[in-house]
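**Q** So you can see what is in the structure, the chains are spelled out below.
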Amino acid sequence: MTAEFSSHQPSPSCPSAPSRPADPSQPPSPVQTAALTRPATSPGMTRSCVEVARRALRKYFRTPGLWAMGVVQSVLFLFTFRFVLGGAVQGGASRYADYFVPGYVATIVLFTGAGIAVAVAEDRVQGFTGRLLSLPLPRSAIVFGRALADFTTNAWSILATAAFGFLFGFRLGGTITDALAAFGLCLVYGLVFTVVFMVIGLVSPNGQAAQGMSMIAFVFAFISSTYVPASTMPGWLQPFARYQPITPMVDAVRSLIVGSSGDVGLALAWSALLLAVFTPAAVLRYRRA
Amino acid sequence: MTRQGTPLLEAGGITVRFGKVTALDGLELTAPQGEVLAILGPNGAGKTTFVRTVATLLRPACGQLRVLGNDVVRDAVAVRRDIGLAGQFAAVEPAMTGRENLEMTARLFGHRARAARRAAAVVIDQLGLGEVADRRCGTYSGGQRRRLDLGASLVGAPRLLLLDEPTTGLDPTGRSEVWEAVHSLAAGGTDILLTTHYLDEADELADRVVVIDHGRVVASGTVGELKASVGRDVIEVVLADPSRLDEAGQLLERVTGNPPRLDRGGRRASVPAGGLRQLAAAIRCLADAVIGVDEIGLRRPTLDEVFLALTSDQPDKPPVTASPATSAPVASR
Chain A
1 MTAEFSSHQP SPSCPSAPSR PADPSQPPSP VQTAALTRPA TSPGMTRSCV
51 EVARRALRKY FRTPGLWAMG VVQSVLFLFT FRFVLGGAVQ GGASRYADYF
101 VPGYVATIVL FTGAGIAVAV AEDRVQGFTG RLLSLPLPRS AIVFGRALAD
151 FTTNAWSILA TAAFGFLFGF RLGGTITDAL AAFGLCLVYG LVFTVVFMVI
201 GLVSPNGQAA QGMSMIAFVF AFISSTYVPA STMPGWLQPF ARYQPITPMV
251 DAVRSLIVGS SGDVGLALAW SALLLAVFTP AAVLRYRRA
Chain B
1001 MTRQGTPLLE AGGITVRFGK VTALDGLELT APQGEVLAIL GPNGAGKTTF
1051 VRTVATLLRP ACGQLRVLGN DVVRDAVAVR RDIGLAGQFA AVEPAMTGRE
1101 NLEMTARLFG HRARAARRAA AVVIDQLGLG EVADRRCGTY SGGQRRRLDL
1151 GASLVGAPRL LLLDEPTTGL DPTGRSEVWE AVHSLAAGGT DILLTTHYLD
1201 EADELADRVV VIDHGRVVAS GTVGELKASV GRDVIEVVLA DPSRLDEAGQ
1251 LLERVTGNPP RLDRGGRRAS VPAGGLRQLA AAIRCLADAV IGVDEIGLRR
1301 PTLDEVFLAL TSDQPDKPPV TASPATSAPV ASR
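Top line first, the protein sequences correspond to chains A and B. Per the numbering used here, the first sequence starts with residue 1, numbered consecutively. Per the numbering used here, the second sequence starts with residue 1001, numbered consecutively.
Chain B with its partners taken away, still in its complex shape:
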């Protein structure tokens, strides 16, 4: 909209403490307008604290945070007029209908009665809540409730939508409902900041990903840049005979010098590698040892692997996981 060129967010060394716990530790971040930004990090990394600071619910102990040019402490009211907050820490009233909730929120954004009714009707229509709009939202499904919550953050036509873990606790249907809504909002031109600890969610929704851990930014960039930044490609082998997985893993470790990641269910071993030369060496070793291979190849690391490499305290010991599927939530640490 207006204020073109002003960064969406400018965080300069913001620190937020709760008693002795430092939730944000001098976080630095600049994000341009016109993008979906995902804040990714393990539980306790400071994601929610960051969103609540952007939403003016928390004041940073030090540092500066500007949202579309407005300081979250000095110009808090201006920031509140620009943002809509939904997710973990913004709820709807279960004893009121969806429409009543939306109209109330619209009026608290500053709309007069008629404009509030119109805004509620638009949101109900666009988020597909028509059938349930006049039911008390205590009766809604998880997905409907989140969509209403999302709708409540939209009735004031915010410039920046803040979604704090928008799909946590939802079943797959509810999750895809929310994803669809976020996609269509982004397509309609709303800037979005979301937090998630689901890697596939960041992959699916975000233009730009900021990985934070221990209250600091550990990496940022597009998903592709992040994958590239961790550098090394991965050799992945699918074995014909799963009983020889350990043996294959040892071979791969000897060739690359890196500990492999073994997936027994998938008969799969993967290891960060230096490139084609190491792939060739691995193929030679496996052939020499007469280990049957269904598939072998060199691929870019998954966001899952990037994330572990960036946030793990012991990056040399990647855990053996049952499945490298990126849909798995990152376990709390």
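With the rest of the complex left out, here is chain A:
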């Protein structure tokens, strides 16, 4: 069938009309692409990452709905837990702030990360990813550049959330060095969550679906030691709450901030494992965009 049709040639005896009926009275002035030069080489990894990141950051900081949304959401959450629910928690609201604020700051990207998934899905639907993939930049630069941009916006979310945490009564229990180490851990987690949300965005058919799929993060955020100790949950829920990665990650940050028990090494191991799984998944998935 195919061969038969593809070899179809019009009869050579048939006269053919001129193929371009452009109006001869108005010849188009040719676009002199000769004035454009072809780059000698493909762009390197660094330049490609910088360009991809710069575009994502411009989009983020030029769209108030993006940079402000994360902060507004953080404030609402902090406010609710501190002033609405906090009073009912054993030990009182101000001590509860010291418990949940470090955990909330550490996992803030689980809440703001839906924006990453939506942005990635929309880039594909709207064709921006197609443009990038048609250009000679290294494929992985699309993921690394995006991660670089989100690393910056995550830092912004983490700092803004922490600032409101202090405003709402949270106080550091350890040294400044410990606090900086905790901030560093939060940045690492942010990177981990970013790559996970990127994969969610890449497997979603569109932005709305990406938003919906991102809700799965709530399961991990809430069924963990972030807001209440896992030991207060029903027995059947405790294994999940104890052993899913968010709990050791939050415990490590809290241990640095208020000197509770936590294992930084375990938190970093989980981070490394998640990065090792989701980064290649994102790179591979981008190829199919």
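Derived from the structure by calculation, the hints contain no laboratory data. Glycine included, each C-beta is placed from N, C-alpha and C at the ideal position. Any given hint could be a false lead.
Stated by the list, open to error - Quick list of the computed label-pair ranges, beta carbon to beta carbon:
{"no.": "1", "chain 1": "B", "residue 1": "1071", "chain 2": "A", "residue 2": "40", "range": "21 to 27 Å"}
{"no.": "2", "chain 1": "B", "residue 1": "1017", "chain 2": "A", "residue 2": "238", "range": "31 to 37 Å"}
{"no.": "3", "chain 1": "B", "residue 1": "1073", "chain 2": "A", "residue 2": "276", "range": "26 to 32 Å"}
{"no.": "4", "chain 1": "A", "residue 1": "46", "chain 2": "B", "residue 2": "1017", "range": "34 to 40 Å"}
Please arrange chain B on chain A, whose structure you already have, making use of the hints.
**A** Frame of chain A, contents of chain B only:
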């Protein structure tokens, strides 16, 4: 440019599947350099899939595709350096200005900062975007946005420009803006592959047309060759009295043995015919039946009719259309 004599495109039996759907089904195609090539087909025919395969966004499940001699799978980076993609699946960033978009794309083609600025300036100048270049392109009109999109695909001076449905969704002004840009690019020596489901667009822009349907090539050639390949000329009658259109149609069917196409608004009936002898017979029959005729003649088929004949599953039953104007988009099937 270089590599003279290498075909622009050589597709050898390429098949692309999405799950159970076969979008390209052993497509065969060879196109020389130096031409504007239009891929024409109804929605779902595989046009976009073909462009995305040429642009290395999709890998064929089997078959071979070379672009200017480079294989789209093995030499993908070389292909990407030769092509510029614009249209349906290549977008600009609305939160950035036109200039920022062009400079970003230029750098991602491999230009250094200074060369990227220069390339952006050249494109802005040549596509007439000077007035809007420093506005965020979220504020652009449809036509401006498409021209910027086109410009973004040019900053790396590609050898082959891929335009996927470059005018879909544009108003007539935007459409003619894009047409003008394509004409002038072609005149400036850029090879262009475009897809469209507008027949007049292919007629207007392309040197060579490839008609695809169900993921296969059903015909290819110049517009004139395609019209000739469908063979038969068309008898077209414009009646003095529109109420006798059905009667005239029946007469034409009896004379030619083909079902006529009736256009009530235009008081027009057309039917594929064997030639002058049938035209004479038709005139005689119409005169015998005392059906008044304003115009009658024999003409080459329009691209519209060619297209229907090539892609219709039931070629014996051409639909009665309101207007045979070729500017009508082909309805999705």
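**Q** Given the hint of 21 to 27 Å, check if residue 1071/B and residue 40/A actually sit that far apart at their C-beta atoms.
**A** Given about 22 Å between the Cβ atoms, the range holds.
**Q** Confirm or reject the claim that residue 1073/B and residue 276/A have a C-beta distance inside 26 to 32 Å.
**A** 27 Å Cβ-Cβ, so the 26 to 32 Å window holds.
**Q** Confirm or reject the claim that residue 1017/B and residue 238/A have a C-beta distance inside 31 to 37 Å.
**A** 46 Å, violated
**Q** 34 to 40 Å was suggested as the range; check whether the CB atoms of residue 46/A and residue 1017/B agree with it.
**A** 37 Å, holds
In summary, the one numbered hint that this structure violates is 2.
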